[in-house]
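A.B. asks: Each protein sequence line maps, in turn, to chains A and B. Using the working numbering, the first residue of the first sequence is number 1, and each one after it goes up by one. Using the working numbering, the first residue of the second sequence is number 1, and each one after it goes up by one.
Hint data in this document are derived by calculation from the structure and do not stem from the laboratory. One should not assume that every hint holds.
What the hints assert, rightly or not - BS3-like mimics (lysine-lysine), calculated; alpha carbons at most 30 angstroms apart, straight line:
(1) K125(B) <-> K17(A)
(2) K125(B) <-> K114(B)
(3) K115(B) <-> K17(A)
(4) K17(A) <-> K15(B)
(5) K134(A) <-> K90(A)
(6) K90(A) <-> K50(A)
(7) K114(B) <-> K32(B)
(8) K15(B) <-> K115(B)
(9) K60(B) <-> K32(B)
Each chain is listed here by its residues.
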Amino acid sequence: MTPTLKNPKKRSVEIQKIPILKIRNFLIVPIQIDLDDLSASRLQQDILKKIDITGARGVIIDISVVEMVDSYLGRILGETARMSALMDAKVVISGMQPAVAITLVELGLELSEIYTALNLETAIDLMEVLINGKKHA
Amino acid sequence: MPEDTSTNREIIEIKEERDIVICRQACRDWAKNLGFNLVDQTRITTSASELARNIHDYAKSGEVIIEETENAQGKRGIKITFNDHGPGIADVEVAMSEGWTTKGSMGMGLPGSKKLMDDFYIASKIGEGTTVIIWKWLPY
């Protein structure tokens, strides 16, 4: 007989709302938690609502602390980019960890339609070019 | 199915959507503690997330068993078993092909999780349920 631990660490998930910050004429969405499916789809709606309310021309979704993107979260990110495009807003995903990029491509999900940036700083530069045609002075 | 002997294990029950997150966090803890590198930890966690979601989406509930294991060659590794008593899969071969889905998702769960792991086993019977087992071996 092997010893069995039944949920020994009292594992739990907290529900947290992801902040959506507006700077200049775009939004910054830092994802700092391991998103469950419901929170991910809620975040998608919140981003679209915020674009509508603020008239933002772009959205930077920073995933630099996200340790895993599976097919569900990948689909949500791709959809959010396409939906935002219909509302005349560009989406840039920033800070993807190397291990996440390797796994996503191996999984078969390349998110080739999404703008990406190495980190938040280069994402902001890219966003300025995408929506204003030049870097912020 | 590779022969192996398990030395220790943890069971995660999948009852609600948030248990998918609990399952993948548990799998990452185990992968990290067993000494897998960051890329393999991510492959294992992502694969587990896909398969735990399948349990939730298709069978409503089930269980995930995470074990440390060793194969016939003496390699150590992680073995994760996904059991459910859901409707089962009519044609496993078709279900393993990319893009096949009955839920409007992308149909990447089964073939994708297989690609990310070293060994993969699936058995399913209509009306009885599905068992998927995945393995990843440490390189040393």
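A.B. asks: Confirm or reject each hint.
C.D. replies: The hints, checked one at a time:
1. For the suggested pair K125(B) and K17(A), the alpha carbons sit about 40 angstroms apart, so the restraint of at most 30 angstroms is broken.
2. Only pairs whose Cα atoms come within 30 angstroms are accepted, and K125(B) paired with K114(B) is accepted, the gap being roughly 19 angstroms.
3. Restraint check: the Cα-Cα separation between K115(B) and K17(A) comes to about 33 angstroms, which exceeds 30 angstroms; the hinted pair is violated.
4. At most 30 angstroms may separate the alpha-carbon atoms for a hinted pair to count; K17(A) and K15(B) meet this at roughly 23 angstroms.
5. A C-alpha spacing of about 15 angstroms is found between K134(A) and K90(A), which places the hinted pair at or below 30 angstroms, so the restraint holds.
6. Under the criterion of a C-alpha separation no larger than 30 angstroms, the hint pairing K90(A) with K50(A) is consistent with the structure, at around 13 angstroms.
7. Distance hint between K114(B) and K32(B) is fulfilled; the C-alpha atoms sit about 20 angstroms from each other, no more than 30 angstroms.
8. For the hint linking K15(B) to K115(B), the alpha-carbon distance of about 26 angstroms falls within 30 angstroms, and the restraint holds.
9. Annotation: proposed proximity of K60(B) to K32(B) holds, straight-line Cα distance about 29 angstroms (limit 30 angstroms).
Hint check: violations occur at hints 1, 3; the rest are consistent with the structure.
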